[in-house]
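Heads up: the sequence lines are chains A and B, in that order.
Each residue of the first sequence is one higher than the last, beginning at 1 in my numbering.
Each residue of the second sequence is one higher than the last, beginning at 339 in my numbering.
The hints are simulated quantities; they were obtained by calculation from the structure and are not laboratory data.
Heads up, the beta-carbon is just placed ideally off N, CA and C, and yes, glycines get one too.
Listed next, with one range per pair, are the computed distances between beta-carbon atoms:
| id | chain 1 | residue 1 | chain 2 | residue 2 | range |
| --- | --- | --- | --- | --- | --- |
| 1 | B | L718 | A | D30 | 50 to 56 Å |
| 2 | B | T686 | A | L19 | 52 to 58 Å |
| 3 | B | L695 | A | A2 | 47 to 53 Å |
| 4 | A | R47 | B | L695 | 42 to 48 Å |
| 5 | A | G107 | B | K421 | 29 to 35 Å |
| 6 | A | R199 | B | H480 | 43 to 49 Å |
| 7 | A | D30 | B | Q706 | 36 to 42 Å |
| 8 | B | A719 | A | W323 | 42 to 48 Å |
| 9 | A | G124 | B | T495 | 39 to 45 Å |
| 10 | B | A705 | A | G107 | 16 to 22 Å |
| 11 | A | G43 | B | K545 | 25 to 31 Å |
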Amino acid sequence: MATMTMAKALNAALADAMLDDERVLVFGEDVGQLGGVFRITDGLQARFGDKRCFDTPLAEAGIVGFAVGLAMSGLRPVVEMQFDAFAYPAFEQIASHVAKLRNRTRGALSVPMVIRVPYAGGIGGVEHHCDSSEAYYAHTPGLKVVTPATVDDAYSLLREAIDDPDPVVFMEPKKLYFAGAETELPTRTEPFGRAVVRRAGRDATLVAYGPAVPVALEAAEAARDEGWDLEVVDVRTIVPFDDATIAASVRRTGRCVVVQEAQGFAGVGAEIAARVQERCFHALHAPVLRVSGLDIPYPAPMLEHTHLPSVDRVLDAVARLQWDDQPDRRWLTESGAA
Amino acid sequence: MTTTPQAARRASPRKRRPATPAAPDPAAGLLPQTEPVRLLNPDGTLLPARADYPEPPVEALREMYRRMVVGRRFDAQATALTKQGRLAVYPSSRGQEACQVGGVLALRDDDWVFPTYRESMALTARGIDPVEVLTLLRGDWHCGYDPAQRRTAPQCTPLATQCVHAAGLAYGESYQGRDTVALVYIGDGATSEGDFHEGVNFAAVFKAPVVYFVQNNRYAISVPLSRQTAAPTLAHKGVGYGVPSEQVDGNDPVAVLAVLTRAVAHARAGKGPFLVEAHTYRMEPHTNADDASRYRDADEVEAWRDRDPLVRLETYLRGRDVLDDAAVAEIAEQAERYAADLRERMNTQPTVDPLSLFDHVYAEPTAQLVEQREQVRAELAAAAEEDA
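Go ahead and model the full structure; you've got the sequences and the hints to work with.
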């Protein structure tokens, strides 16, 4: 066992995939000699040559569209979008071609590829560098959307994404890149479609993914002081989504808070909350609550802490889970009724 | 013999100051010719032979004529099928037969074509079953043919997005040691889209064997070329990316095939992409649902009728004594049989299984899709029971 950062684990996953499968090509902006602005592709060009890992013109639609063609020719492209918001020019390629090609052609063509997206904030980035864009992809049938929160998952999920027959949008939480953990590579964790209980608890379930997982875990620790024993479930793969693990947890605890860093309205957390209440209505002692970013464009660095879901906000939400079996006063006030 | 001082100077170059060698023009060989390449006059007579674009073999031209005749008949039949409610919509390429067929004839069977929605004629000319080509427009699925087997991408509705796919595919093929060429059909309007520029640029940077074939039919639905570009020609767009380009009379079948043949050879030789602009005209509205009289004069359309590529090629081939009345009649009959067969097969309503909606979203359906499929299955079963 050795301590390794998520960035290094992702780098190792790319290198091992390139070693195991010569069809794997890694490309994007600054991924060659520089090794990527976050150094995720560090050393790959030196090791595998500039035909396997290479820089492209600075054009994201071009990068993804080029990957579509490469996949059609039988190769396995892994592309890097430099930052979340820089991937938007590629959205038409992703939504109209990457996601649909298998379906349009009744399976005659498939485009197995990985689109790596460093995403979300908490790193003091200036504007257009901190978006949580996962909902756009998760809302697009045909894409798989994966986001690791641990070092082991970063390695294992990326290896699985590269091997997957379907296109995968691989969302990498930037603020976790340089968090380290004990690991021994190569490692394989639970497959796509499986959520994982990161912390067992009896009183309520916190459901989180990506950058919100450490926040949820910290909140669960802090909640012990307040007498709550909280379970934390890490979603890991937004698509395919694991209803079973999450519903089983909420049925056990009877209470649920969904935590996400993205703005809340029409987000992945809203989908999770809806799915939980559909499946767990009779087990619930309180409405499913959400803690998310504010419904604002991602703020400037000096204000991002106001935007980001915090341990306190999570604990406030937990406190509102009707422990005294009384209606949540917030909604009574809002409607002005009752 | 007396020698003038001027002649003496000319005769003794040593006395000249050494000339600075002229820097080679970096755009040399990239720019299209000033006038579109033309090998046949509009009246079907042959222009003087030229070294840069030799005339294709006459057998190829005769085959081109045959496919153009069948293609035009197919196109008319497809338009008729919209009136009978058999097709949701049909974008005609009548008038563009030289381009539709020329693009396909310039390729080998194992080359790839990246067509748009207006290339139905090109795809049938490539030998794809017309019913499979029209699946998209009949509405029973999105792409009716097998693109991998036919080496033909699904007809692209989003404009210019296929320009980048072709660059990736062609590069991927050459990376794997195959000499496949990809030919992209694209229209004048789509050269304004970003993906056109990104595709041509990627192909150039990676030296991908792609031929970008712009059919400039002068209108993007209703918007004329003057609203698309201030460039001297669309072929000039290649030079900015270091891509050699040419313009051709798109209603001159002989020139279209000659120029595309050279472009394909250039790409196959590993010299990178080539851009061809064909000047042509869409004789019909954008689709059967469009009213072209709102944006162009009947006079303009009539003027283009005089430049009909089919008449032009027929006249030429008759003049060469490789086509006579009997052959013309025989080909026309082939075209009629083709249309009759299509009409008959399109008369039967296809059966589409609603449960197939879930089959190809992913390689394996997700748990959620399995659930939804079960729901639809139950709905169908209940409906069937009600009907029984």
